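Asks: Could you build the full structure based on these sequences and the hints that come with them?
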Amino acid sequence: MAKILSVRGLSKKYGNITALDTVSFEVNHKEIVGLLGPNGAGKTTTINIILGVLAADSGDVHIDGLSLSSSRSKAIAETNFAAVYTPLPGNLTLVQNLRIFARLYSVKDAAARIDTVIRQFDLEPFRDKKCGVLSSGEQTRAGLAKAMLNRPRLLLLDEPTASLDPATAREIRLNIRKYTEESEAGVLWTSHNMYEVEAICDRVLFLSHGKVLLEGNPKTLPAEHHKKTLEDLFIAVAREPLTLEA
Amino acid sequence: MSINRTLAIVIRQFYLIRGSFSRVFPLFAWIAVDMILWGFLTKYLNSVSASGFNFVPVLLGAVLLWDFFIRIMQGVTMAFFEDVWSRNFLNLFATPLLVSEYVLGLVLSSIATSLIGLFAMLFIAGTFFKLSFFMYGLTIMPFILVLFLFGISLGIFGSGLVLRLGPASEWFIWPLPALISPFVGVLYPVSILPGWMRFISKLLPPSYIFDELRKIILGQPAAWHAFLLAGALAILYVILAYWFFKTVYQHALRSGLIARYSAETLS
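Residue numbers (the working numbering), protein chains in the order written: chain X, 1 to 246; chain E, 1 to 267.
Hints in this document: simulated from the structure, not taken from any laboratory.
Accuracy of the hints is not assured; some may be wrong.
Stated by the list, open to error - Taking lysine-lysine and the DSSO-like style, the derived pairs with C-alpha atoms no more than 27 angstroms apart in a straight line are:
id	chain 1	residue 1	chain 2	residue 2
1	E	246	X	13
2	X	74	E	246
3	X	211	X	228
Claimed, not checked - Here are the computed distance ranges between Cβ atoms for each label pair:
id	chain 1	residue 1	chain 2	residue 2	range
4	X	116	E	171	39 to 49 angstroms
5	X	238	E	21	48 to 58 angstroms
6	X	15	E	40	52 to 62 angstroms
7	E	232	X	163	53 to 63 angstroms
8	E	112	X	116	30 to 40 angstroms
9	E	11	X	178	27 to 37 angstroms
10	X	116	E	11	19 to 29 angstroms
11	E	202	X	65	51 to 61 angstroms
12	E	100	X	115	29 to 39 angstroms
Just so we're clear, the structure is a prediction, and the values are computed from it rather than from any experiment.
Cβ atoms here follow ideal geometry from the backbone N, Cα and C, with glycine treated the same way.
Replies: Now the structure itself:
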């Protein structure tokens, strides 16, 4: 069976700045992979390339066996994403936004699916409210509802719980874990909350200066590098990447 | 090509217009003002002219067609600006949506909004100034088609320009029709222009349209080769405008501007 996501030798430069340097990794079915790293490490660049909104200088991306460069539309149809920096258009209501995205993703039986995701993310009271008037937490849940609309095989989540209260964040994590179990989907998840990463991710990749520095199980990786916690390891990656590389 | 994805862009525009007075009002308000202004001016000219020449079809008809052209162009750019204003490019282009489907969605949205404006203009011109488009007969269809195609091309070009230069550059787009108007002879024959202006007007499809409109009203035979040339030019401009938009989009994919559009540049 093809991997849900296969990234090979991805490189990207902005002028003289190297954002990604031959990054390679895979995401398996039912697997949640944490993409970690300090600000500017290349996490969002990686996600944008996988989403097809940024062209890599070299390397290739396959989503469920489909090449992003030669079958972009088909590959992207298997994908969806949520990111705190990309809210749904605020001048449309939640249900209007979901109807539009259901069409863009060619969702079958769209009305029923929209009802399902609205219920799933506890958004019934905001169904006919303009997204611009929702609180940041409600907007985050609206973005997640959009992300689940097409039952994606690959889900890209860029800090999906950043503006949620702990109870809701936990609910969302359970929701997404359940979804991966039922649908065999894979998830690429970025977060700065190491507690969350440890709780949800099966595997983590540490990015630093555009390179994958470390990879492994978030529960055992800190000890393997003589650190007490994942947060200690994160700080070490951010401050002293060379010591870890060696 | 997916009609479903194209319709998503049209439906988005429908939702926005349906619930917004500030979007509905400009669809017919300014062109209505234009019709009233030019309608009374032509009435006045008719009353002071000793020749008995009817200025209504020449001036008001030309202004009506020019306003239709502007509405078509702005229909495309307005639908595009909605994505600029709501910072929606990342959401849209991270879906299976193709550039061709997106642009076709903008064009279909423009047709719908322009028809509202056209009907408003026809109503005012017909009711208050006795200008009936039936007087032109079916010959009006090529006029409308060429202006429609040129309006589409200018709208797509303008959208590409804003995609390339960033949100603040939308102010380049609004005056584009005014910039073109002296060269296309909406209100006067192109033949009175100096040589260098006549050269530019030959490159602009509306200049043939307005010249032929005047000929028909004056009872002269229409030069069909002029329509064909205008049509061919308009189609060429649609192709070039789409090529320009797609090139700009691909540049934005390489530079990262689609994902960070509000930044305008990545420097």
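Asks: Each hint needs a verdict: does it hold in this structure or not?
Replies: Comparing the hints with the structure gives:
1. 246(E) to 13(X): 22 angstroms, holds
2. 74(X) to 246(E): Holds, because 20 angstroms separates the two Cα atoms, which is no more than 27 angstroms.
3. 211(X) to 228(X): The given pair, whose Cα atoms are some 23 angstroms apart, holds under the 27 angstroms limit.
4. 116(X) to 171(E): 39 to 49 angstroms: 44 angstroms, holds
5. 238(X) to 21(E): 48 to 58 angstroms: 51 angstroms, holds
6. 15(X) to 40(E): 52 to 62 angstroms: Hint holds: Cβ distance 58 angstroms, inside 52 to 62 angstroms.
7. 232(E) to 163(X): 53 to 63 angstroms: Given about 55 angstroms between the Cβ atoms, the range holds.
8. 112(E) to 116(X): 30 to 40 angstroms: 31 angstroms, holds
9. 11(E) to 178(X): 27 to 37 angstroms: Hint holds: Cβ distance 32 angstroms, inside 27 to 37 angstroms.
10. 116(X) to 11(E): 19 to 29 angstroms: 21 angstroms, holds
11. 202(E) to 65(X): 51 to 61 angstroms: 54 angstroms, holds
12. 100(E) to 115(X): 29 to 39 angstroms: 32 angstroms, holds
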